[in-house]
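Colleague: Now for the letters of each chain:
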Amino acid sequence: MTDLTVDLPGLHLKNPIMPASGCFGFGREYSEFYDLNKLGAVIMKAATGERRYGNNTPRVAETPSGMLNAIGLQNPGVEKIIETEVPFLAEYDVPVIANIAGSTLEEYEKVAAAFNEAGSVSALELNISCPNVKEGGIQFGTNPEMAANVTNRVKKASNLPVYVKLSPNVADIIGMAKAVEEAGADGLSMINTLTGMQIHQGSRKPLLANKTGGLSGGAIKPVAIRMIYDVSQHVSIPIIGMGGIESAEDVLEFLLAGASAVAVGTANFQNPYVCPEIIDSLPGVLAKYGFQSVTDAIGKGHEDER
Amino acid sequence: MTDLTVDLPGLHLKNPIMPASGCFGFGREYSEFYDLNKLGAVIMKAATGERRYGNNTPRVAETPSGMLNAIGLQNPGVEKIIETEVPFLAEYDVPVIANIAGSTLEEYEKVAAAFNEAGSVSALELNISCPNVKEGGIQFGTNPEMAANVTNRVKKASNLPVYVKLSPNVADIIGMAKAVEEAGADGLSMINTLTGMQIHQGSRKPLLANKTGGLSGGAIKPVAIRMIYDVSQHVSIPIIGMGGIESAEDVLEFLLAGASAVAVGTANFQNPYVCPEIIDSLPGVLAKYGFQSVTDAIGKGHEDER
Amino acid sequence: MKKKVMLTILDVREIALDTVEMILENSYIAETAVPGQFLHISVDGHTLRRPISIASIDRKQHTITILFKKVGDGTEQLAAYQNGMSLSALGPSGNGFHYEASSLKTVLLIGGGIGVPPLYNLGTELIQQGINVISVLGFQSKDCVFYEDKFQELGRTIVVTDDGSYGQQGFVTDHLPDKALCDYYFTCGPIPMLRAVTNALHEKSGSISLEERMGCGVGACLACVIPADNADGYRKICKDGPVFGASEVMI
Amino acid sequence: MKKKVMLTILDVREIALDTVEMILENSYIAETAVPGQFLHISVDGHTLRRPISIASIDRKQHTITILFKKVGDGTEQLAAYQNGMSLSALGPSGNGFHYEASSLKTVLLIGGGIGVPPLYNLGTELIQQGINVISVLGFQSKDCVFYEDKFQELGRTIVVTDDGSYGQQGFVTDHLPDKALCDYYFTCGPIPMLRAVTNALHEKSGSISLEERMGCGVGACLACVIPADNADGYRKICKDGPVFGASEVMI
Ligand SMILES: Cc1cc2nc3c(=O)[nH]c(=O)nc-3n(C[C@H](O)[C@H](O)[C@H](O)COP(=O)(O)OP(=O)(O)OC[C@H]3O[C@@H](n4cnc5c(N)ncnc54)[C@H](O)[C@@H]3O)c2cc1C
Ligand SMILES: Cc1cc2nc3c(=O)[nH]c(=O)nc-3n(C[C@H](O)[C@H](O)[C@H](O)COP(=O)(O)OP(=O)(O)OC[C@H]3O[C@@H](n4cnc5c(N)ncnc54)[C@H](O)[C@@H]3O)c2cc1C
Ligand SMILES: Cc1cc2nc3c(=O)[nH]c(=O)nc-3n(C[C@H](O)[C@H](O)[C@H](O)COP(=O)(O)O)c2cc1C
Ligand SMILES: Cc1cc2nc3c(=O)[nH]c(=O)nc-3n(C[C@H](O)[C@H](O)[C@H](O)COP(=O)(O)O)c2cc1C
Ligand code: FES
Ligand code: FES
Chain A
1 MTDLTVDLPG LHLKNPIMPA SGCFGFGREY SEFYDLNKLG AVIMKAATGE RRYGNNTPRV
61 AETPSGMLNA IGLQNPGVEK IIETEVPFLA EYDVPVIANI AGSTLEEYEK VAAAFNEAGS
121 VSALELNISC PNVKEGGIQF GTNPEMAANV TNRVKKASNL PVYVKLSPNV ADIIGMAKAV
181 EEAGADGLSM INTLTGMQIH QGSRKPLLAN KTGGLSGGAI KPVAIRMIYD VSQHVSIPII
241 GMGGIESAED VLEFLLAGAS AVAVGTANFQ NPYVCPEIID SLPGVLAKYG FQSVTDAIGK
301 GHEDER
Chain B
1 MTDLTVDLPG LHLKNPIMPA SGCFGFGREY SEFYDLNKLG AVIMKAATGE RRYGNNTPRV
61 AETPSGMLNA IGLQNPGVEK IIETEVPFLA EYDVPVIANI AGSTLEEYEK VAAAFNEAGS
121 VSALELNISC PNVKEGGIQF GTNPEMAANV TNRVKKASNL PVYVKLSPNV ADIIGMAKAV
181 EEAGADGLSM INTLTGMQIH QGSRKPLLAN KTGGLSGGAI KPVAIRMIYD VSQHVSIPII
241 GMGGIESAED VLEFLLAGAS AVAVGTANFQ NPYVCPEIID SLPGVLAKYG FQSVTDAIGK
301 GHEDER
Chain C
1 MKKKVMLTIL DVREIALDTV EMILENSYIA ETAVPGQFLH ISVDGHTLRR PISIASIDRK
61 QHTITILFKK VGDGTEQLAA YQNGMSLSAL GPSGNGFHYE ASSLKTVLLI GGGIGVPPLY
121 NLGTELIQQG INVISVLGFQ SKDCVFYEDK FQELGRTIVV TDDGSYGQQG FVTDHLPDKA
181 LCDYYFTCGP IPMLRAVTNA LHEKSGSISL EERMGCGVGA CLACVIPADN ADGYRKICKD
241 GPVFGASEVM I
Chain D
1 MKKKVMLTIL DVREIALDTV EMILENSYIA ETAVPGQFLH ISVDGHTLRR PISIASIDRK
61 QHTITILFKK VGDGTEQLAA YQNGMSLSAL GPSGNGFHYE ASSLKTVLLI GGGIGVPPLY
121 NLGTELIQQG INVISVLGFQ SKDCVFYEDK FQELGRTIVV TDDGSYGQQG FVTDHLPDKA
181 LCDYYFTCGP IPMLRAVTNA LHEKSGSISL EERMGCGVGA CLACVIPADN ADGYRKICKD
241 GPVFGASEVM I
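Residue numbers (UniProt numbering), protein chains in the order written: chain A, 1 to 306; chain B, 1 to 306; chain C, 1 to 251; chain D, 1 to 251.
Isolated chain A (complex conformation) (with noise of 0.2 Å):
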């Protein structure tokens, strides 16, 4: 029997597998589909401290093998989130991660504060990248002294694990990496989207209303890869890759760059199966590459150290 566990700060996973946030809402539409119980964990959609609508339609486009989205962090508030959201994930036997955002230090804190209160939520993941937002959340991901200083509030305003999901679109991720773990996170969430655009030709504009979007989907794979492997040789802190990932052997190589779980995003929308149907493949693709557990693949594509 291949081992699927993995042990991560304040996360005890079944297998390495969740779906990415914003990608999966709060799991009611794909609880439709299958058992949420069969996941590794689930990373809940953004939290801000009020309700955001979000930004105007359009708010995705088709790229090759990849997707630019613009969602704008719509979500209904951290307060509605604890009252109606975590509830219904609480009901299943799987760690919840809350994925938390905010356009001022004060805003992260505050919603941080309140997912701590809150309980049934077993880490954070501070989106200190989202793209999309013009307030805060681009400076926050690309400057490594804002970064720390965010990750640095967030801890002291919760007691949970902190995961930093970094952004992709910045020269020096080993710099950003090294700036949160000293800031105290608990581990990483990597990549977030590189910004993109695509112009509609018939009307003469950027597609999506918000003119740029982030771009995912195996487009971003090779980009993720690299990061993971580089962050990877610079941190002592665990990463929850992610970034295209659409099959087991996905995972594996994600495994291999150095990333010790992972996150299913634009996948479930070709088939909201996705993340079940890889939990039940990776076994198999573990052996058959000679792995006999998750633990025993992760970091094993450096070929340097071995």
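I should point out that these hints are in silico values taken from the structure, not numbers from a laboratory.
Don't take each hint at face value.
Unchecked claim - Below 25 Å or equal to it, Euclidean Cα-Cα: the simulated DSS-like pairs (lysine-lysine) are:
#: 1; chain 1: A; residue 1: 205; chain 2: B; residue 2: 288
#: 2; chain 1: A; residue 1: 178; chain 2: B; residue 2: 211
#: 3; chain 1: A; residue 1: 205; chain 2: B; residue 2: 178
#: 4; chain 1: B; residue 1: 38; chain 2: D; residue 2: 4
#: 5; chain 1: B; residue 1: 205; chain 2: D; residue 2: 70
#: 6; chain 1: D; residue 1: 142; chain 2: A; residue 2: 288
#: 7; chain 1: A; residue 1: 38; chain 2: C; residue 2: 3
#: 8; chain 1: A; residue 1: 211; chain 2: B; residue 2: 178
#: 9; chain 1: C; residue 1: 239; chain 2: A; residue 2: 80
#: 10; chain 1: A; residue 1: 288; chain 2: B; residue 2: 205
#: 11; chain 1: A; residue 1: 205; chain 2: C; residue 2: 69
#: 12; chain 1: B; residue 1: 80; chain 2: D; residue 2: 239
Based on the hints, put chains B, C and D with the ligands in the right spot on chain A.
Modeller: Frame of chain A; chains B, C and D with the ligands shown alone:
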């Protein structure tokens, strides 16, 4: 008759289509498929001061809607190129752009000066962004002061117009563009490849011998469009656009974003005739979307400015 | 309940300019779908699924029909699929048209272009319930007209073309029958048409069917929202819609 | 001269474990190709073309045969192509085997796994020129063996399997015939086998056929270079090769 001509510093283009550096060698191989006189211009493979052998193989990998390459600037050195390749291309009635690379400022100067003296070259494309060579390349392309410095030195070393080729692996592409504009760049080329990696499950190590490689092809088109759109609002020098172009519709998207001409790279590998095919279908596509000429379409995707 | 299903293509044919009719076999969809619902169809090599309305249902033959216009890569490619091939789809998706049959005597169906198909499905259901149907169908030009005879079989049908090359010339709102004749309207088509129709018929109640670019198609990603006058401030077209009461959302 | 051509698939069948034989029709390729050349084949939805050797040529029927092993996405997908479908390829690509027929009496063909196919093409040509052929073919195991009878028709043939499940057990180099019997050798297969063969036969001259991941396949991108002892310091496998003199390149 749709007017395809574009006039850029040092370049009178009969149409805006040119093969991208490194994807077309010095034109010999593709001249067996079609008459190079059809092209708007030719951008030669990178030239360095001395002959370089490049990286070990494997040098390429396939990714979703894209590829990774780590050729490593293999080339016979600037003198040999001037002796044997430039005369071959000079036979055609097509402007030749020399892509120049180096590990030191002095090497850049030397290569620029050599092309300047040689004649038959209409412009230089300054490759400050090739992510594959450990010494120099990556730093020039991600640090605005260093980019400005090399631009300035190359401008002084030659009288040819200089197009600086920007790396997309930065947080602030506008800052990079402004820095090289101020340093005297006559135009910009964007984008070069995004740094990526693929890990081979079987061998448990990065597939490319160089480990990381440059991601090109359709996968990166949304990133290229976003960067060109943003930069074209902040500089007044023209942009040669590239990154995932495969069709005349793609070309129009780049023109709308703000590019004045385009280069086609990876698509040549799938279809050696892609450049002449795009040139043939461009008038129809421009007409379909209501444009009388190429210049008519440049920058027209900026709705705010209309 | 919506499922992920495979449908077998029994027939594909172009029935008007760039307009393709496709007959698909799947017993689950044919048994459970209601008019106004859609299939979220996967097209090879494309990241996102394409939403296409169900245009008619044959519960006995276990088949459904979809009609779509070739407007881009995905629909072009779908049009090239061959008989016998399989399509992956999520469905039946969305809410479908809802109405109280007992309160309706005559309803108006107002369709524009590729918004016409779901109304055909609805129309056949309405007349089975003894409700009279008057249809006003707008197309760009003669080449684009389809299903006129099928709608004629349901009841009085007015065809309108933008350029007057067939039927009446103008917009559907220029050729609506006397409003007093009908109790309710259903409309589907491009947003400007929907706006014109809801304005012209503002004193009547009616339902509109909306389109928006979708991510998940199941209600999870919030790609397809439309502002609404409810507690959340929005509705999701893929899940709460695509059919809404005409005054329920803000178009 | 290499061109971009469309080939029609006449037949696809699995002839050994994961090993597919495909018969393709195209008069240009069938007329101009020589043994050792390859086709650079486009597989739907993949950025890069796949290089596959030409395994035999029927100049009269205007057909060629390729043999490939399903080792990844591209070859899996190619194996699923149906009769009647078209394939886009660049070809005939590369240089092919060169030899001076007049100076050869008996040659040795040494193939490993999916390196065997181009040698079959060469073998048929050699015997037409009156040259004797001895073949040593290595496979992983019994399931993987193919074309043994075809090679038997050309001359003496020794089949070797890694696990001894068929023919001789061991590596091809363990079962080479007496070197004195032959004037020249041609070999194609995995790099470790090529190294072993060139070492074992270092006193003989021979040609080796090489593989490398390719970008352009036409000589422009320098993806496929191999260090060589010439002025440039390298040769391109796609253009200068895939066949090289055994001492010409450094493997
Ligand atoms: C609920 C619903 C029902 C529909 N029913 C029909 C129908 O019965 N017949 C029909 O012809 N069309 C219908 N449409 C529109 C149809 O979905 C689009 O024409 C189709 O997705 C275009 O795909 P493409 O690849 O050809 O175009 P592209 O422009 O290449 O598509 C790019 C992306 O944009 C999306 N997109 C483009 N146009 C639309 C649009 N109008 N609505 C939603 N997404 C779009 C595509 O799904 C894809 O994700 C319906 C749309 C919705 C939302
Ligand atoms: C000159 C030449 C002749 C060949 N002839 C044959 C033949 O007759 N029969 C046969 O079965 N195979 C042959 N090969 C190997 C064949 O090209 C690969 O097995 C095939 O490209 C794998 O594609 P894939 O998509 O299944 O694998 P993937 O691993 O998914 O391919 C990923 C990428 O790597 C490339 N790649 C992977 N393995 C190889 C390889 N060994 N050589 C070159 N590129 C590779 C692919 O082309 C593709 O670009 C030949 C290779 C060369 C260079
Ligand atoms: C529609 C959509 C919405 C997203 N919303 C969020 C979000 O709210 N918070 C966040 O941290 N990331 C968000 N992301 C990013 C994903 O969590 C993930 O990092 C990214 O999409 C890369 O993974 P993928 O390629 O598997 O989709 C969103 C992505 C998509 C496609
Ligand atoms: C195989 C290969 C080699 C390249 N070599 C160079 C080079 O020598 N100099 C350079 O400036 N860019 C080089 N590039 C980058 C391209 O010129 C181009 O900027 C990039 O590939 C994006 O365009 P594309 O998506 O159309 O390929 C190379 C790209 C590829 C794929
Ligand atoms: S498409 Fe995702 S919520 Fe409607
Ligand atoms: S594959 Fe491009 S030079 Fe050989």
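Colleague: Are the Cα positions of residue 80 of chain B and residue 239 of chain D separated by 25 Å at most?
Modeller: holds (21 Å)
Colleague: Decide if the proposed pair is consistent with the structure: residue 38 of chain A and residue 3 of chain C, CA atoms, cutoff 25 Å inclusive.
Modeller: holds (18 Å)
Colleague: Between the alpha carbons of residue 205 of chain A and residue 288 of chain B, is the straight-line distance 25 Å or under?
Modeller: holds (16 Å)
Colleague: Quick one, are residue 205 of chain A and residue 178 of chain B close enough, alpha carbons at most 25 Å?
Modeller: The given pair, whose Cα atoms are some 24 Å apart, holds under the 25 Å limit.
Colleague: Taken at face value, is the distance from the CA of residue 80 of chain A to the CA of residue 239 of chain C at most 25 Å?
Modeller: holds (21 Å)
Colleague: Are the Cα atoms of residue 288 of chain A and residue 205 of chain B separated by 25 Å or less?
Modeller: Holds. Residue 288 of chain A to residue 205 of chain B sits at ~16 Å (cutoff 25 Å).
Colleague: What's the verdict on residue 178 of chain A and residue 211 of chain B, does the C-alpha distance respect the 25 Å limit or exceed it?
Modeller: Holds, at roughly 22 Å.
Colleague: Assess, step by step, whether the Cα of residue 142 of chain D is no farther than 25 Å from the Cα of residue 288 of chain A, and give holds or violated.
Modeller: holds (21 Å)
Colleague: Holds or violated: are the alpha carbons of residue 211 of chain A and residue 178 of chain B at most 25 Å from each other?
Modeller: Measuring from Cα to Cα gives roughly 22 Å; hence the hint holds.
Colleague: Run the distance test for residue 205 of chain A versus residue 69 of chain C: straight-line Cα separation, threshold 25 Å.
Modeller: Holds: residue 205 of chain A and residue 69 of chain C sit about 23 Å apart, inside 25 Å.
Colleague: Can the restraint linking residue 38 of chain B and residue 4 of chain D be considered satisfied, given a maximum Cα separation of 25 Å?
Modeller: holds (18 Å)
Colleague: Holds or violated: residue 205 of chain B and residue 70 of chain D, Cα atoms, limit 25 Å.
Modeller: The hint holds at about 22 Å.
When each numbered hint is compared with the structure, no violation occurs for any of them.
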